[in-house]
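Residue numbering for the sequence shown follows this note's numbering, beginning at 36 and increasing consecutively.
Simulated from the structure, these hints should not be mistaken for lab results.
One or more hints might be untrue.
Stated by the list, open to error - Per label pair, the in silico range of CB-to-CB distance:
no., residue 1, residue 2, range
1, Tyr83, Leu44, 47 to 55 Å
2, Lys54, Ile136, 43 to 51 Å
3, Gln160, Phe41, 41 to 49 Å
4, Glu52, His86, 44 to 52 Å
5, Val161, Glu52, 51 to 59 Å
Said to hold, decoys possible - Calculated lysine-lysine pairs in the BS3-like style (CA-CA distance at most 25 Å, straight line):
no., residue 1, residue 2
6, Lys169, Lys155
7, Lys54, Lys94
8, Lys38, Lys54
9, Lys43, Lys54
10, Lys152, Lys99
11, Lys94, Lys152
12, Lys91, Lys155
13, Lys54, Lys91
Please read these numbers as outputs of a predicted model, since none were measured by experiment.
In this text, a Cβ means the ideal position worked out from N, Cα and C, and glycines have one as well.
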Amino acid sequence: MLKIDFSKLIQKDYLLEPKLPASIEPILYLMIFFSVCIALATLVTISYRPHNYLYKNFKNRISKMFWACGLIGFVLLFFRWQTLSFLNLRIWLVALIAFFILWLAYNLLFYFVLLPKQLKVYQRQVEFQSFLPKNNAKN
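Build the full structure now, drawing on both the sequences and the hints.
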């Protein structure tokens, strides 16, 4: 079982340490997390094809979020494995995961607060368009 000491995440020396950890277990958990992100991005991309452009935009947002987190995470793990001097610091992984959490919170806020308002406006537009005359002119 992975034991995370969150007090280390505020220590400068721990975040800027370029060496790999003694055990491979933390790297394995990160690989699983980033693999799940890529799998979810693929699932979201190919599964649901909405007809409403608002849902389509939201689906694209979620897909981009998971693709970005998964691919950038694997690139950072590769840099860490290659022990590149600046790009393998733990601070990049912590920043990526913090950015992912903030991005996820923003998307959830968008889904539960902003999207319903936009859907109401869209429904009113569709209803208004239904009362407009159709263009039946033949060319």
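Here is how each hint holds up against the structure:
no. : hint                        : verdict
1   : Tyr83 to Leu44: 47 to 55 Å  : 36 Å, violated
2   : Lys54 to Ile136: 43 to 51 Å : 26 Å, violated
3   : Gln160 to Phe41: 41 to 49 Å : 48 Å, holds
4   : Glu52 to His86: 44 to 52 Å  : 51 Å, holds
5   : Val161 to Glu52: 51 to 59 Å : 56 Å, holds
6   : Lys169 to Lys155            : 23 Å, holds
7   : Lys54 to Lys94              : 38 Å, violated
8   : Lys38 to Lys54              : 19 Å, holds
9   : Lys43 to Lys54              : 15 Å, holds
10  : Lys152 to Lys99             : 23 Å, holds
11  : Lys94 to Lys152             : 17 Å, holds
12  : Lys91 to Lys155             : 16 Å, holds
13  : Lys54 to Lys91              : 43 Å, violated
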